[in-house]
Amino acid sequence: MKTIYLNSDTPVLSEPAVATIGFFDGVHRGHQYLIAHVKSVARTFGLRSMVITFDRHPRQVLHDDYQPRLLSTLDGKLRLLERTGVDTVVVLHFTPQMAALSAHDFMERVLRQRLCVEKLVLGYDNRFGHDRSSGFDDYVEYGKQTGIWVIRSQAFVLHGINVSSSVIREMLAEGDVERAHDCLGYPYTLEGTVVHGEQNGRKMGFPTANLDQHGSGQLLPAAGVYAVGVRTDASQTLRHGMLNIGHRPTFGGTTMSVEVNIFNWTGDLYGREISISFLHHIREERKFDSMEELEQQLEKDKEHIEQLLKKDYERNE
265 MKTIYLNSDT PVLSEPAVAT IGFFDGVHRG HQYLIAHVKS VARTFGLRSM
315 VITFDRHPRQ VLHDDYQPRL LSTLDGKLRL LERTGVDTVV VLHFTPQMAA
365 LSAHDFMERV LRQRLCVEKL VLGYDNRFGH DRSSGFDDYV EYGKQTGIWV
415 IRSQAFVLHG INVSSSVIRE MLAEGDVERA HDCLGYPYTL EGTVVHGEQN
465 GRKMGFPTAN LDQHGSGQLL PAAGVYAVGV RTDASQTLRH GMLNIGHRPT
515 FGGTTMSVEV NIFNWTGDLY GREISISFLH HIREERKFDS MEELEQQLEK
565 DKEHIEQLLK KDYERNE
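Quick note on the working numbering: the sequence shown kicks off at 265 and runs consecutively.
It is worth saying that the hints were derived from the structure and are not from the lab. Any given hint might turn out to be false.
[Stated by the list, open to error] Derived DSSO-like pairs: lysine-lysine, alpha-carbon spacing no greater than 30 Å straight-line:
id	residue 1	residue 2
1	Lys574	Lys564
2	Lys575	Lys564
3	Lys408	Lys266
4	Lys551	Lys574
5	Lys564	Lys551
6	Lys551	Lys566
7	Lys408	Lys551
8	Lys266	Lys303
Given these sequences and hints, build the entire structure.
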């Protein structure tokens, strides 16, 4: 996959392409379905396939107070897009000037003149342009005026649900990581740097890696305990563990933390990047009367998680 970061110095592309455009947060199964449509059209006409996305959520430019709660970082999104097998990904730097373009001008100045898009495949609910008032019929008309054939793709429906990033965010906000997994096509994954914590887990025999999520913009699932898979920056080996999201009420905590106990891990992770994949929701976070009571619950949680992961392994054999 070729990745192009489009700015004023980027040369104009001259090779015709079949493209789609969107933020593609999480690159979920709906996005994957749309991109497969793009690739199919590209094969039919002997053209390259292209995904056009943005370096930040448009609402971050349009609304100063917008705090993103995203399914993927930009780097994570690009890795997910690479898995789709698309030929080219173009990352647009979204600016107030770009936000001010009408849909017609965007198609003419960016898609046609700079990226050589000949055919544009749009998701069933895709809207773009400064006022987002244009609909599919308008895009078709603009396409006729700019020399772009506009094609509509269908929604990807799973268990009666039109899969979308907003639907998946709602599932995660409820702690339903299993259904989110179904809609994403992979386990929801957080990325971040390991920082020092208060060492309470170590005192109970469950040392934890504390994930720094400040500034990442990623959505945290609902507070609670989860079965997870963990990968470190130095290895792609998946290690299992249990994770707690919450305020640590047993210790009088007041700030949200993300702490993961990696089973059978003895190394030093401070300052290293890790990714955490959510596999199962185990229970809600709650306050215990003592550290000893919490330790006993953690033993039960670990045993429960190991049983669940064993069943997952046997099911996938």
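*Unmet hints by their number, sorted upward, for this structure*: 7
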